[in-house]
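Asker: Each chain is listed here by its residues.
Protein chains: 2
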Amino acid sequence: MLTDSGLQIAMSCSGTNAYRYGTMRAWVLSLTVVLADGTVVKTGGRPRKAVAGYDLKSLVIGSEGTLGLVTEAVLKLAKVPENVHVAIAVFENIGDAVKAALGVVHEGIGEAVEFVDANGLKATNRAMPGVVWEEKPTLFLKFAGKGDVPMQEAEIARQYCYQNGCKEFRVSGDVEEVEALWAARKALGRSLLSMKNDPTDLFLSADAAVPVSKFAQFIEETETEMRGAGFFCGQMGHIGDGNVHTAVVCAEKERDEAEILLNKVRRRALRLEGTITGEHGVGLELRDLLVEEVGESGIHVMRTIKKALDPKGLLNVNKVISWDC
Amino acid sequence: MLTDSGLQIAMSCSGTNAYRYGTMRAWVLSLTVVLADGTVVKTGGRPRKAVAGYDLKSLVIGSEGTLGLVTEAVLKLAKVPENVHVAIAVFENIGDAVKAALGVVHEGIGEAVEFVDANGLKATNRAMPGVVWEEKPTLFLKFAGKGDVPMQEAEIARQYCYQNGCKEFRVSGDVEEVEALWAARKALGRSLLSMKNDPTDLFLSADAAVPVSKFAQFIEETETEMRGAGFFCGQMGHIGDGNVHTAVVCAEKERDEAEILLNKVRRRALRLEGTITGEHGVGLELRDLLVEEVGESGIHVMRTIKKALDPKGLLNVNKVISWDC
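Protein chains in written order, with UniProt numbering: chain A, 1 to 325; chain B, 1 to 325.
Same shape as in the complex, but just chain A:
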């Protein structure tokens, strides 16, 4: 029986490496799933590819526990890269950082292309004293591969960064330094929590994603809106996938104002042909907004599938889509 992994499959998790490797869907070869009526389905063997009937595994991955319980999974493996380099590029403004990142994305290089804004680094400095980060828009880039490849790719990235106003570009292939530099990015979620001034303060976030070509407009417009907010907010995330986490730390009494800001972000993503959620899922919170993304017809199809596979409404009912129209 899977526990954490089952959850990760149910949510179709992904993270910084999805830029290079894709999300959970790309790595699951087959699943064993228990359906609402007790039927146990094994979706196939473990070949690297198959077109044998409907793609039941992809239907279950990301269905947030509403269609079945995952009890077994066969995963594809990738070779651990021989060498890894990490580069940190500091910019004066967000627009320049995005332009440099787009250059890297268009070259098709890198294993992770991450962005952290000034406030994100302010949180890092507060939570992880020792290394002092410049509180400016920053790219965290990872390059992985055989022999010289990571270094060569880092050199290409350096050029894109300097062409776009980068003042400081640091690159390292030293194992310990790579770990230390990337640790700041890795711990960002926890670092943001350190911005709470009071234990009752709220941490709220949006997780929208847009086509990479719309990323600049997306985060610049959010940036402008954030300037007017009376609480802490920042943007960070998987710029290589066009997926940004908009984070807010605020007092309970500011919740409504924060939610309005985050919903503006999600709706902006939809206007820019994106999604309200790149990796965190729908649950209850985004259920009503999902209609705006896939339309009434999309919800109708999802509800039809849900009711066909779980006619009694036993599995996590009313999550993702409401049971009744």
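I should point out that these hints are in silico values taken from the structure, not numbers from a laboratory. Hints should not be assumed to be uniformly reliable.
Since the list gives no way to pick out one identical chain from another, each pair is judged satisfied if it fits inside one copy or across any two copies.
[To be verified] Cut-off 25 Å, straight-line C-alpha distance, at most; resulting in silico cross-link-like pairs (DSS-like, lysine-lysine):
| # | residue 1 | residue 2 |
| --- | --- | --- |
| 1 | Lys146 | Lys99 |
| 2 | Lys146 | Lys79 |
| 3 | Lys146 | Lys307 |
| 4 | Lys76 | Lys136 |
We have chain A; now place chain B onto it with these hints.
Answerer: Just chain B now, with coordinates in the frame of chain A:
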């Protein structure tokens, strides 16, 4: 309205480059689909990743026209590689060729890792006179990337080939030669047709796939069975994905015998935790065998989805799964 592309999506097509890039499912960002009741569903925008509700696009991709008609598709693009090298490696026996290929796969290198057996090259020699191929088990390898990367990868592959009894390893990065060498692999389907001695002769094939680790056993056992056959047969295909095309050219009166041989191949794939079809799909022909792959419970779930989305049975009914139990 999509025509060819719509078909390729409905069949979840893939080919030699799936080894590096994945199949159709990895490259479709969203679909517009017309369902049986006329509902038009757009499955999302065009972000590189999304977890907004059920993965309707993956359900439709590969559903062989039984769930809906694809009228629009948004595809992800990849950068065309800067440099491409092709290598041809000739072996004395199939087992050695497979071992060398596995080395390449485990290194995680290459864009395509293809295999053609002696009979496949006999067909090539007959259909494409000019270049004479040695009629021995042969790997066709493609390496792609920036700068020196393809050459470096080809060098690693050369070592695996020589360690496994390869007598001749030819590599080229010259654009015209690369095209000429790869053309033999590309034209293989047509070349096999040249083995017909009479226009009424049949071309039949299986398209099974197994985990890469089982590939040696899989094709060696098929090889042994083929030796006893009274008609032309060969094995070739996407060894990097564990997906092999077992091809037969025979007279109409030999059809039953050929079908028995091909079904043995497909059932062997299942015993080795593989699939009856890696990329060609189920249709009518493999419908009954599909039960052996996904079980009665898998068929039950597929039929439930089919009947929920197409209750009147309007769309390509009885393909993939039978309408009635």
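Asker: Please work out whether the CA atoms of Lys76 and Lys136 approach to 25 Å or closer within one copy, between two copies, in both situations, or in neither?
Answerer: neither (38 Å within a copy, 31 Å between copies)
Asker: Please work out whether the CA atoms of Lys146 and Lys307 approach to 25 Å or closer within one copy, between two copies, in both situations, or in neither?
Answerer: neither (49 Å within a copy, 50 Å between copies)
Asker: What label fits Lys146 with Lys99 when the C-alpha limit is 25 Å: within, between, both, or neither?
Answerer: Close across copies (22 Å), not inside one copy (27 Å); limit 25 Å.
Asker: Are the CA atoms of Lys146 and Lys79 at most 25 Å apart within a copy, between copies, both, or neither?
Answerer: both (11 Å within a copy, 20 Å between copies)
Comparing the model with each numbered hint stated earlier shows that hints 3 and 4 do not hold.
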